[in-house]
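Number of protein chains: 2
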Amino acid sequence: MERHLKQILGQHIIADFYGVIEDKISYVEDLKNIFEKIVKEANLRKVSSSYHQFNPKGATGIILLEESHISFHTQPEYNYIALDIYTCSSEEATEKAFDLALQFLKPQSQDIKKLYRGESQKISKYLINEKF
Amino acid sequence: MERHLKQILGQHIIADFYGVIEDKISYVEDLKNIFEKIVKEANLRKVSSSYHQFNPKGATGIILLEESHISFHTQPEYNYIALDIYTCSSEEATEKAFDLALQFLKPQSQDIKKLYRGESQKISKYLINEKF
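Chains Y and R, in that order, are what the protein sequence lines are.
So the first sequence is residues 1 to 132, counted in our numbering.
So the second sequence is residues 1 to 132, counted in our numbering.
Watch out, some of these pointers could steer you wrong.
Identical copies look the same in the list; a pair holds intra-copy or inter-copy alike.
List of simulated lysine-lysine pairs, DSBU-like, C-alpha gap at most 35 Å [stated by the list, open to error]:
hint: 1; residue 1: Lys114; residue 2: Lys96
hint: 2; residue 1: Lys24; residue 2: Lys106
hint: 3; residue 1: Lys57; residue 2: Lys106
hint: 4; residue 1: Lys114; residue 2: Lys32
Quick caveat, the hints were computed from the structure, so don't treat them as lab data.
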């Protein structure tokens, strides 16, 4: 059976948000609300999630998806949040999740990198048992 | 009080491993063992972890750390695993965790990117309330 392998397996948006209002990223419950909304609105499928409150302020969390994961780590004293959105879903869904994060968190500035993960040419080259 | 801010807040190693033996990355229990060992041996501090088995083969998992996170997503049919090691610990601990992953998983080839997250210059520039 012939297999079809996409050019790449996943898209990974890696973002550093600067100048985010401290109160917005201090407490895990607020961030949980934001990120659970993002997952729903971008039509991603949650497998599980895990969140953690640092004392007194700052939070970290990860949502494991059927399509990979979303993670965040905040340092409210620096108005900073590190965000990763990594999916093997459509590029549109990945972008939508990212756009929602921007809307909710409203950074004054952001560094964004987009990586493509799992290249089909490399997979083919190093496939141990030839399958396609 | 004056604060000291490191040049960067975290290191993020982003790796795609190709040509990994299928059996090694098919079952979540095996991967759980590997990654829990990595966390211990690299002296990282686990907050929580979440793993998921895909049917029939393939797994995904994330370990939330005090220092950020480690995540993996496997596609055993392609001998492929996507790995992220992101910490605000020392660069040595991050590298150690990565070296252990290489030793355990033994890919035939790997693409590795290392990103520095949270630059102090940008944090200072967009700090909402001047603090340091």
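Okay, the hints, checked on the actual structure:
Both within a single protomer and between protomers do Lys114 and Lys96 lie at most 35 Å apart by alpha-carbon distance, with minima of 14 Å and 26 Å respectively. For the homomeric pair Lys24 and Lys106, the shortest alpha-carbon distance inside one copy (10 Å) is at most 35 Å, but the shortest distance between copies (42 Å) is not. In this assembly of identical chains, Lys57 and Lys106 lie within 35 Å of each other by CA distance solely inside one copy; the values are 19 Å within and 40 Å between copies. Taking identical chains as interchangeable, the C-alpha atoms of Lys114 and Lys32 lie at most 35 Å apart whether they share a chain (24 Å) or sit on different chains (28 Å).
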